[in-house]
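> As a plain string of letters, each chain reads:
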Amino acid sequence: MRRLLFKLSLFCPLVVAMVWVNWTVDPARLFVPRTSVLSAGYEGAIVEDLFAGRPHEVSGEYDQRVVFEEVLRNQQRLDVLLLGSSVAKPFHSGLFPDGSFLNGANHGGELEEAVCAYELAWERGFRPKRVVIQFQGWGRMLGVRTNAVDPNSEAVLGRALRRLGIPLQSDPDDPLGNHFWPIEQAAEFKLEQDWRWLHPYDKLISPRYFQMSIGVLMRTEWPAIQSGARIVPETVPENQRNVLYPDCSVQWSQYMRSATPDSIRHFHAAIFPGVAKLEQTRPAESRCRLFETFVLEMLNSGTQVDLVLSPPISWLAQQVDSQYAGTSKLSPAAETERYLRTFTKSHQLKVFGSFEPGNTDLTDSDFVDILHIRRESIGRLLQPSRERVAR
Amino acid sequence: MQFDSFHFLIFFSVVAAVFWSIPDRVRWVLLLAASYYFYMCWKAPYALLLLASTVIDFSVGLLLGRVSDPRIRRRLIVPSLAANLGFLFYFKYYDFTVRTVNQIADSAILAPMPFLLPAGISFYTFQTLSYTLDVYWKEQEPERHFGRFATFVAFFPHLVAGPIMRAGTLIPQLRTFPPFEYGRVTDGLKLAGWGLFKKVVIADRLARLVDPVFAYPAGHSGCVLALATVAFGYQIYCDFSGYSDIAIGISQVLGVNLVQNFRAPYHSRSLREFWTRWHISLSTWFRDYVYIPLGGNRVSAFRWCVNILIVFGLSGLWHGANWTFAIWGLYHGVLLILGRFSTRFFDALYRGVGLARSRVASMIDVASTFVIVSVGWVFFRSGNLTESVAVLRTIATDLHSYSIIDSEISRLLRTYWSPADGAIILVALAILEIGDSLQERLRVRSWLSERPAVLRWAAYYALACMLLFWGQFNGTPFIYFQF
Numbered sequence: 181m182r183r184l185l186f187k188l189s190l191f192c193p194l195v196v197a198m199v200w201v202n203w204t205v206d207p208a209r210l211f212v213p214r215t216s217v218l219s220a221g222y223e224g225a226i227v228e229d230l231f232a233g234r235p236h237e238v239s240g241e242y243d244q245r246v247v248f249e250e251v252l253r254n255q256q257r258l259d260v261l262l263l264g265s266s267v268a269k270p271f272h273s274g275l276f277p278d279g280s281f282l283n284g285a286n287h288g289g290e291l292e293e294a295v296c297a298y299e300l301a302w303e304r305g306f307r308p309k310r311v312v313i314q315f316q317g318w319g320r321m322l323g324v325r326t327n328a329v330d331p332n333s334e335a336v337l338g339r340a341l342r343r344l345g346i347p348l349q350s351d352p353d354d355p356l357g358n359h360f361w362p363i364e365q366a367a368e369f370k371l372e373q374d375w376r377w378l379h380p381y382d383k384l385i386s387p388r389y390f391q392m393s394i395g396v397l398m399r400t401e402w403p404a405i406q407s408g409a410r411i412v413p414e415t416v417p418e419n420q421r422n423v424l425y426p427d428c429s430v431q432w433s434q435y436m437r438s439a440t441p442d443s444i445r446h447f448h449a450a451i452f453p454g455v456a457k458l459e460q461t462r463p464a465e466s467r468c469r470l471f472e473t474f475v476l477e478m479l480n481s482g483t484q485v486d487l488v489l490s491p492p493i494s495w496l497a498q499q500v501d502s503q504y505a506g507t508s509k510l511s512p513a514a515e516t517e518r519y520l521r522t523f524t525k526s527h528q529l530k531v532f533g534s535f536e537p538g539n540t541d542l543t544d545s546d547f548v549d550i551l552h553i554r555r556e557s558i559g560r561l562l563q564p565s566r567e568r569v570a571r
Numbered sequence: 263m264q265f266d267s268f269h270f271l272i273f274f275s276v277v278a279a280v281f282w283s284i285p286d287r288v289r290w291v292l293l294l295a296a297s298y299y300f301y302m303c304w305k306a307p308y309a310l311l312l313l314a315s316t317v318i319d320f321s322v323g324l325l326l327g328r329v330s331d332p333r334i335r336r337r338l339i340v341p342s343l344a345a346n347l348g349f350l351f352y353f354k355y356y357d358f359t360v361r362t363v364n365q366i367a368d369s370a371i372l373a374p375m376p377f378l379l380p381a382g383i384s385f386y387t388f389q390t391l392s393y394t395l396d397v398y399w400k401e402q403e404p405e406r407h408f409g410r411f412a413t414f415v416a417f418f419p420h421l422v423a424g425p426i427m428r429a430g431t432l433i434p435q436l437r438t439f440p441p442f443e444y445g446r447v448t449d450g451l452k453l454a455g456w457g458l459f460k461k462v463v464i465a466d467r468l469a470r471l472v473d474p475v476f477a478y479p480a481g482h483s484g485c486v487l488a489l490a491t492v493a494f495g496y497q498i499y500c501d502f503s504g505y506s507d508i509a510i511g512i513s514q515v516l517g518v519n520l521v522q523n524f525r526a527p528y529h530s531r532s533l534r535e536f537w538t539r540w541h542i543s544l545s546t547w548f549r550d551y552v553y554i555p556l557g558g559n560r561v562s563a564f565r566w567c568v569n570i571l572i573v574f575g576l577s578g579l580w581h582g583a584n585w586t587f588a589i590w591g592l593y594h595g596v597l598l599i600l601g602r603f604s605t606r607f608f609d610a611l612y613r614g615v616g617l618a619r620s621r622v623a624s625m626i627d628v629a630s631t632f633v634i635v636s637v638g639w640v641f642f643r644s645g646n647l648t649e650s651v652a653v654l655r656t657i658a659t660d661l662h663s664y665s666i667i668d669s670e671i672s673r674l675l676r677t678y679w680s681p682a683d684g685a686i687i688l689v690a691l692a693i694l695e696i697g698d699s700l701q702e703r704l705r706v707r708s709w710l711s712e713r714p715a716v717l718r719w720a721a722y723y724a725l726a727c728m729l730l731f732w733g734q735f736n737g738t739p740f741i742y743f744q745f
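Chains A and B supply the protein sequences, listed in that same order.
Okay, so the first sequence: first residue is 181 according to this note's numbering, each after it adds one.
Okay, so the second sequence: first residue is 263 according to this note's numbering, each after it adds one.
In isolation and in its complexed conformation, chain A is listed as follows (with noise of 0.2 Å):
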C-alpha cells in the first residue's frame, strides 16, 4: 500500500503544474481581485481593444460581465443602457445617437443579469436618461429560474435587490436557490456544480479549467499568436468569430450570418423543445415582482425605461402556435407579451417590436438562427410600435 501511495505520488507534479497554470491565468478571474482585470486574463486583452477603441475578435470564453463593469469604468457619460439577453447584443450606438450608448445585454438573458448590469452603473455614479430593455419570448426573462448566479454576482445582485427593498429570502421560483451563474460558464463547469460548495477552489484541480487556461495563455502571453487573434476594423466583416465593439455591442460571426432560414429551420427542427421547456419560460411571479421593482425604481430616479420585444423566426413561432392550438392555454410568449403590455400600458412606457413576427418589421432573412437577429436588421425592432395585439 505504501509502495502505491509512493508511485501514486509521482503525478504529484502534474497535478501542482495544473493548480498552478489554473491559479495563475486564472481565466473567469476567480481569484484575483475584481479591480486588477486589466493585469492579466483574457478579459484584459479584450478590455484593452475596447478602451482603445478597436473591435475585438472573441476568441474564447470571458466572463462578460467583468468586461462590461471595465468598460463602464473608463466610461465618461452614460445616457442609453440596454438590458438583456444575447438577442440584445446587435443593438449598437449608430441607433441610439442621442447621447452616449452602452450595451449591458448578457448571453443567457436572465432578468437578475439585467438587475446587476443596471446595478454596476448606478454604483458608478451613472444615471442614464433612458434605458431599453430587451425581451424574448423564448427567454427566460420573467420565466422559472434555471441557471445559478455566479457567486462573484451574488455581492452585486444583493445590494441591488436591497436598494430596491426586495428580501433575499429563497425564491419559490428558483428551483437552484438564490443563485445564479451566466449561462457561458454554467455550460462549462456542468460537471462540476455538485462541487459548488468548493467554489471556487474546485477550479484548481480542474482540466477544463486547465485547458481555458491554457488557451488565453496562447492568446495574451504569446505574441504571435496574440497578433493573430486581434483584428482590425476593416476586417470585421470576414470575421469568423464574433465581433466585440467598443460600445459592448456585437457583430455575430461569419458563420452565424451565412444562415439562411432553410438551413436554420432544418438545423433546429430535430432540437425542438417540447411544451414542457416551454412552460418554464411562463410569466413566475416573483420574478415579475422584480422586474415591476425594477422598472419603478428606474421611472422615480426619473429613467426613461422603453421596452423591445424580440420575435423568434416565423417557424419557430408556428412550432409553438402548434404546441398551444386547440388548448385554452396561451402559450408563454403570449401571455407574457400580454402582461408586459398592461404593465408598461398602466405606467405609459413605450414598447417596441413583439413577440410575434408578422407584427414586426423583421423578415426570416434577418436571423442568423431561430431567436437572434442581424446586427443589420435588428434596428427595425425600433420602429414605432403598431398596436400590436397579443395572440
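Keep in mind the hints are simulated off the structure, nothing from the lab.
Some hints here could point you the wrong way.
[To be verified] Straight-line C-alpha distance at most 16 Å; calculated EDC-like pairs for lysine to aspartate or glutamate:
1) A:K525 - A:E472
2) A:K525 - A:D486
3) A:K187 - B:D698
4) A:K187 - B:E443
5) A:K309 - A:D278
6) A:K309 - A:D382
[Unchecked claim] Which bits of chain A does chain B cover? Going by a derived footprint, with three or more residues having C-beta under 8 Å, they are:
7) 385-396
8) 529-537
[As the list claims (entries may be wrong)] Which residues of chain B face chain A? A partial, calculated answer using Cβ under 10 Å:
9) V280
10) W282
11) S283
12) F603
13) F607
14) F731
By construction, the Cβ of each residue, glycine as well, lies at the ideal position given by its N, Cα and C atoms.
Once you have looked at the hints, place chain B on chain A.
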C-alpha cells in the same frame, strides 16, 4: 455520477482506501453501500426498483434450491421472469409500444409512461435473469447470503453499463477477496487510465463532429455523412469499450475480476468474428440463454437462420426501444447468415487469384468487415428509419462530394471542429490502433511493467498529459447509459 467526473474520483478514492483498510469479511458491506450510493446519485427512488429485482431473484433462487419437482420449479421461475421482463418492458418498451400503437391507430389512444428509463436496467435485469435461469437449470447453486447477492446485482463498477457478469463468476469473488497486491492494483489503474483516454480524448471529441452531422443529415454531403459514420463507429467503440475498461480496471483495484468485453473488434476478419470481439458479455449472454435454448446450430439450416434472426433481432431491441435498433440487429443477423453461406465462395475466389491465407486477403477481410459494420451504425445512430435510409442513399449517390473531399473536410473542420481537433484525433486514433494491435500479441500492461522505470513513467506521464490537454471534460454521458 460519471466515471470521468471529479465526483467519481473522490468517491472511488474513498471507497478503495476504506476497502483495503477493513477486514475481508465486511468488505461486501462497503461495496453494497457504495454501489447503492453510486446508483442513488442518479435518481434515489429508482434504487427501490433495483432492490425489488434483487429481492425477487434472491427469493426465487432460494426456493428453486429447495424444490426438485420440475413442475413446481417451472411455476417458481415464472414470477422471476415476469418481474424482470415486466420491469424491463414497462420502463424501456412501453413508450415504444404506445408510439407504435398510436401511430397505427392514428390517434393518441394510449398515454406515454411518466417515468424516466432507470439507468442500467437492461444490464442488471439480464444479470439477475441469468442467475435465476442458471439456478433453474441447476448450473448454479443458489446464493444464500442476501447481502452478497445484492452486491452481485448492484456492484457499482459494472452496474449501469456492464460487462454483464454471471453469478458463477462474480459471487465467489465477493465471498473472499484476495489480499492487497501492488501489481494487480496498478494494473487496474493502468486499464482505467486507458479507458478514460478512449472516452474523453477520442469518443467525446468525435461526438462534437458526429452529433451535429446526424442532427441534420439532410444538410450534409455524402462524403461528410460517410466520414461522420466512420467517426461514429470509433466514437461508440471508444465510448463503450472505454467504459468497460474503466469498470474492469477499478474492479481490479478492488480485487474483483470482471470479464473482458471488447477485443479490438475492428480488427475482425468477418462479421462472425466481430461478434466474438464486440460487447462480448452480451453476445455470450444471448448465446447461452437464447441461441442455445433455441437449438443453436444443431438444427436444420432453415431453423438456424431463424434462430440467428431471433437472436440478433432481440439483441437490437435490447439496445433501444426503436425500430432503428431492431433493423440494426436484423441487418447483422442477415449478413451473418449470408456470410456463412458465402464463405466457400470467397475462399475459392481467394485461391483463384492466389491470395489464399495471404496478408492482402486478411486486410481485405478486415476492411470489408469494417465497412459492413459501419453501414449498420447508420441505423444505430439515426433518429428514425427514414433518416437512416436517406443517409445511406446520400452516402451512396452523392459521388460528387467525394471528388471535393478536401474542401468538404476543411468545411467540416471549420464548422464543427478546428484543425487542432483533426490533428488530435488522428494521433489519438493511431495510439488506439497501436494499443489494440499490441494487445492482441502481448499483454501490454505486463509488458510495460517490465520496461525500465524511465520508459514506464514517460508512458504514464504521456497518457496523463494527453488526458489533461486533450480530454473533453464536458460531461458527455456514456452512450450505453441510455440502454
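> Now look at each hint and say whether the structure bears it out.
Going down the list of hints, with the structure as the test:
no., hint, verdict
1, A:K525 - A:E472, "holds (13 Å)"
2, A:K525 - A:D486, "holds (12 Å)"
3, A:K187 - B:D698, "violated (26 Å)"
4, A:K187 - B:E443, "holds (14 Å)"
5, A:K309 - A:D278, "holds (10 Å)"
6, A:K309 - A:D382, "violated (42 Å)"
7, 385-396, "holds (count 7)"
8, 529-537, "violated (count 0)"
9, V280, "violated (13 Å)"
10, W282, "holds (6 Å)"
11, S283, "holds (9 Å)"
12, F603, "violated (40 Å)"
13, F607, "violated (42 Å)"
14, F731, "holds (7 Å)"
Checked against the numbered hints above, the structure breaks hints 3, 6, 8, 9, 12 and 13 and satisfies the rest.
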